[in-house]
Amino acid sequence: MSEDAFDAIIVGAGLAGCSAAYVLAKAGANVLVIERGNYAGSKNMTGGRLYGHSLEKIIPDFASHAPVERRVTKEKISFLTDDSGVTLDYHGVSDKTAPQQSYNVLRGKFDQWFMEQTEEQGAQFISGIRVDKILTENGKVIGVEADGDALEANVVILADGVTSILAEQLGMLKPRVEAGATAVCVKELIELPKNQLEDRFNLTENEGVAWLFAGMPSNGLMGGGFLYTNESSISLGLVCGLAHIESATKTVPQMMEDFKNHPVIKPLIAGGKMVEYSAHVVPEAGINMMPQLIKDGVLLTGDAAGLCMNLGFNVRGMDLAIASGEAAAQAVLTAKQNNDFSAAGLASYQTLLDDSFIIKDMKLYKNAPAFMENPRIFNQYPKMVADIMHDMFTIDGSPSKPIRQTIMKHCKEVGYMNLLKDGIKGVTAI
Amino acid sequence: MTEVVNVDVKLGVDKFHVDEENPHIIIKPNPDMAEFKKLMIACPAGLYKLQEDGSIRFDYAGCLECGTCKILCGNTILEKWEFPRGTFGVEYRYG
Numbered sequence: 001m002s003e004d005a006f007d008a009i010i011v012g013a014g015l016a017g018c019s020a021a022y023v024l025a026k027a028g029a030n031v032l033v034i035e036r037g038n039y040a041g042s043k044n045m046t047g048g049r050l051y052g053h054s055l056e057k058i059i060p061d062f063a064s065h066a067p068v069e070r071r072v073t074k075e076k077i078s079f080l081t082d083d084s085g086v087t088l089d090y091h092g093v094s095d096k097t098a099p100q101q102s103y104n105v106l107r108g109k110f111d112q113w114f115m116e117q118t119e120e121q122g123a124q125f126i127s128g129i130r131v132d133k134i135l136t137e138n139g140k141v142i143g144v145e146a147d148g149d150a151l152e153a154n155v156v157i158l159a160d161g162v163t164s165i166l167a168e169q170l171g172m173l174k175p176r177v178e179a180g181a182t183a184v185c186v187k188e189l190i191e192l193p194k195n196q197l198e199d200r201f202n203l204t205e206n207e208g209v210a211w212l213f214a215g216m217p218s219n220g221l222m223g224g225g226f227l228y229t230n231e232s233s234i235s236l237g238l239v240c241g242l243a244h245i246e247s248a249t250k251t252v253p254q255m256m257e258d259f260k261n262h263p264v265i266k267p268l269i270a271g272g273k274m275v276e277y278s279a280h281v282v283p284e285a286g287i288n289m290m291p292q293l294i295k296d297g298v299l300l301t302g303d304a305a306g307l308c309m310n311l312g313f314n315v316r317g318m319d320l321a322i323a324s325g326e327a328a329a330q331a332v333l334t335a336k337q338n339n340d341f342s343a344a345g346l347a348s349y350q351t352l353l354d355d356s357f358i359i360k361d362m363k364l365y366k367n368a369p370a371f372m373e374n375p376r377i378f379n380q381y382p383k384m385v386a387d388i389m390h391d392m393f394t395i396d397g398s399p400s401k402p403i404r405q406t407i408m409k410h411c412k413e414v415g416y417m418n419l420l421k422d423g424i425k426g427v428t429a430i
Numbered sequence: 001m002t003e004v005v006n007v008d009v010k011l012g013v014d015k016f017h018v019d020e021e022n023p024h025i026i027i028k029p030n031p032d033m034a035e036f037k038k039l040m041i042a043c044p045a046g047l048y049k050l051q052e053d054g055s056i057r058f059d060y061a062g063c064l065e066c067g068t069c070k071i072l073c074g075n076t077i078l079e080k081w082e083f084p085r086g087t088f089g090v091e092y093r094y095g
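Going line by line, the protein sequences match chains A and B.
Using our numbering, read the first sequence as starting at 1 and increasing by one per residue.
Using our numbering, read the second sequence as starting at 1 and increasing by one per residue.
With the rest of the complex left out, here is chain B (with noise of 0.2 Å):
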C-alpha cells in the first residue's frame, strides 16, 4: 500500500505568488540537527531537505504558511519566520 510520497507534485497544482527578491523564513547557519529533523518530518510542503552529501536544503517557494516550522522551530533553528508581503506566497483558490 505505501507508495512514496511526491510533494513536488502536489505543489505543483498549487498557485503561488513567489516574492523571489524576499525570502520569508531563513534558517540559521549549521542548524541542530534534531531539530531540523523534526521539520523534515512535519512539513507537509516537505520544504526540510536533507541531501546525499549530508548537506540541508531548504525551499521557501512552495511554503504553504501553515506555520509549523515557526511552532515547532521558532525559537531554535529559525532565524526569520514572517507572512510574505502583501500579495506574495500561497494562494488558495478552494481552501
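Just chain A, same shape as in the assembly (with noise of 0.2 Å):
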C-alpha cells in the first residue's frame, strides 16, 4: 500500500456515504467519496420522509440548518378501492424531542447540503466520475478503479445503493438480489403554492403530512401509495412489490396514472405542476436479505446492504442507511488504530449494528415482509373497510339493518377465518 493511500474510499455521495464520510473526516482520517452523479443526490430519490434520530446522532440539531422540507405533524393511512377511501387521520402536535422528529426531504437538496458539511469536516469529493472496479490483491479489496486511474485505501465502503454491481463483483451479495426482496418506487414531484398546499393540508408554517395508500395504488399487489408534503410541492407516489410483478393488470406507469386520477388524490393535487419523475428500486425483505456485510477491506452499507424495513404503516430506509454510515465510519477507525484492516479488524461493524436499533429491528420485523405478501392485505381488506363504511353512511329509504350485520356481512365476503388468521399473524409479525 502506497504512503499516499486513503484511510478510506467511499462509493457513492447518498446518506449512507455522506454519514461514513462526515464522521471519519471530523475523526481527522483521510477520506475521499466517489459520486457518479454530477453532484451528491443527482441520482437519489425517496418517497419523503426522513426519521431524524440517526443525523440528530452525528449533527445534533441538524434540521435547523439543513434543507428539510416540512416538519412531519400528520399522519394519515387511507384504505383505497377503485373509487373510494377510508383515512385514519392523526395530528401529532409536537411534544416529539429532537431525535423524536421526522422530515418531509427532498434528495437533490437534501444530500448537496449533508455533502457540504461532510467537505467542511475535511473530506474530498469527487462528482462525475463512476467506480467501474473494485480493486483486489490477494483476496483484500486495496481500492477502486475510476475513470482508468487507481485509486488506494485501507478500506473502501461502499455506499452504491441496491443495484449494488460492485458489491456484486465481490461476490457479497446473496445469490443476487431477488425479484421476491424488492419492489419498485415511482414517485412524481408535483408544484403547488405554498399558501394554497397549506391550505389543502391543513397545515400550519413548516408542518408536514405523511400519508400512506394500502390497497388500489399497487394493483393489489405489495405495496401502496405515499403523498409527502414539501415546502411548495407534493411527493406523490407509489411502491410495488416485484414478485408478481407478471400478474400486474397494468403497468407500473399506468398505476401512478390511476393512483393520480383517484378521486381521493385528484383534488389534492389540482392545478399543480408535475415538475419530475423519478423512481428506483427499494430492498424490502428486510433482515433475510442481508448481504455478506464485511470482507477483507472493504464494508456494505445503506441500501447496497439491504438495510431497508416495510412495515406497511411506516417504511425505513434513511435512517438506516445514516446509522449504518456512521457504524462503518467507527469501524474504520477502529482497525485505523489496530492497523488491521481485514476482516477480523473490521468485524466491530457488525457488531455495532447488531447492538443498534437496525438489526435489533430488523429481527424483530422479520416476519413482516411474509405477511405483506399476502394478498388479502392488499385486496380485500381495504375493500372491506370501505363497503362498511358505504353501507353505514347510505341513508335510501329502505329499511337499516343492524351495523352488526352489516360488518358481519364485509367480513363474510373476506372469510372470518381468514381475518382471523390474518389478524393474528399481523399482530405477531409486528
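Honestly, the hints are just simulated from the structure, not real lab data.
Where a beta carbon is used, it is the ideal one built from N, C-alpha and C, also for glycine.
Treat the hints with care, as some may be off.
[Unchecked claim] Straight-line C-alpha distance at most 30 Å; calculated DSSO-like pairs for lysine-lysine:
(1) K133(A) x K15(B)
(2) K49(B) x K80(B)
(3) K266(A) x K250(A)
(4) K15(B) x K273(A)
(5) K363(A) x K76(A)
(6) K360(A) x K425(A)
(7) K194(A) x K15(B)
(8) K28(B) x K250(A)
(9) K37(B) x K250(A)
(10) K194(A) x K266(A)
(11) K28(B) x K174(A)
(12) K80(B) x K140(A)
(13) K15(B) x K250(A)
[What the hints assert, rightly or not] Example chain A residues on the side facing chain B (calculated, C-beta under 8 Å, incomplete):
(14) R36
(15) G41
(16) M45
(17) T46
(18) R107
(19) G108
(20) L242
(21) I245
(22) A248
(23) Q254
(24) A279
(25) H280
Put the two chains together into one complex, using the hints given.
Written as C-alpha cells, this is what we have:
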C-alpha cells in the first residue's frame, strides 16, 4: 500500500456515504467520496420521509440548518378501492424531542447539503466519476478503479445503493438481489404554491403530512401509495412489489396515473404542475436479504447492504442508511487504530450494527415481509373497510339493518377464518 | 377514471445527459417474451415496448436508473446492465 493511500474511499454520496465520510473526516481520517452523478443527490430519490434520530446523533440539531421541507405533524393512512377511500387521520401536536421528529425531504437538495457539511469536516469529494471496479490483491480489497485511474485505500466503503454492482463483483450479495425481495417505487413531484398547499392539507407554517395508501395504488400487489408535503410541492408516488409483477393487470406507470386520478387524490393535486418523475428499486425483504457486510478491506452500507424495513404503516431506509454509515466509519477508525483492515479487523462493524436499532428492529420485524406477501392485505381488506363505510353512511329509505349485521356481512366476504388468521399473524409480525 | 398514461410526457420534464455512444443497458437478441413482458409492465419509464408488428423496441435514453430491469431480468434477457458513465444519465433536481 502506497504512502498516499486513503484511510477510506467511499463509493456513493447518498446518506450512508455522506454519514460515513462525515464521521471519518471529523475524526481526522483521510477520506475520499466518489459519486457518479454531477452532484451529491443527483441520482437519489426518496418517497419523502426522514426519521431524524440517526442524523441527530451525528449532527445535533441538523434540522435547524439543513434543507428539510417540512416537519411531519400529521399522519394519515387510507384504504383505497378503485373509487372510494377510508382514512385514519392522526394529528400529533408536538411534544416530540428532536430525535423523535421526522421530516419530509427531497434528496437533490438534502444530499448536497450533507456533502457540504462533510467537506467542511475535511473529506474530499469528487463527482461525475463512476467507479468501474474494485481493486483486490490476494483477496483483499485495496482500492478502486475509476476512469482508468487506480486509487488506493485501506478500506473501501460501498454506499452505492440497492443495485450495487460492485458488491456483486465481490460476491457479497446473496445469490443475487431477488425480485421477491424488492419493490419498485415511482414518484411524481407536483408543485403547488405554498399557501395553497398549506390550506389544502390544513397545515400551519413548516408542518407536514405523511400519508400512506393501501389497496388500489399497487394494483392489489404488495405495496401502496404515499403522499408527502414539501415546502411548495407534493411528493406523490407508489411502491409495488416485484415478486408477482407478471400478474399485474396494468403497467407500473399506469398504476401511477390511475392513482393520480383517484377521487381521493385528484383534488389534492389539482392545479399542480408536475416538475419531476423519478423511480427506484427498494430493498424490502428485511433481515432475510442482508448480504455479507464485511470482507477484507471492504464494508457494505445503506441500501447496498439491504438495510430497509417496510411495515406497511411505515417504510424506513434513510435512517438506517445514516446509522450504518456511522457504524462503518467507527469500525474503520477502530481498524485504523489497530492497523488491521482485514475482515477480522473490521468486525466491529457487525457488532455495532447488531447492538444498534438497525439489526434489532430488522430482527423484530423479520416476519413482516412474508406477512405483506398476503394478497388479502392489499385487496380484500381495503375493500372490506370501504364497503362497511359505504353501507353505514348510505341512507336511501329502505329499512336499515343493524350495524353489526352490515359489518359481519362484509367480514364474511373475506372469511372469518382468514380475518382471524391474518389478525393473529399480523399482530405477531409487527 | 382511467386515462392511458403517456410516460414520454413525464420523462420530458426530467433532466437527462444521454451518453449517445454507450448504451448502458443492452437486451439479448431474441429475448424470451415472458421475461420481456415483465419489463413492459414494471419499467417505470416504459422503455420496453412491443410494436404493432410484433417486434420489440428498447431505448435506454429515458432510463431513470432505478434498477428494476436488472432485478427482474438481469440474469435472463439482459446482455448488459451497468450505470451510465460518470456525469451521464438522469439528473434529479429534486429527488
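message: For each hint given before, does the structure comply? Return the numbers of the non-compliant ones in rising order.
response: none
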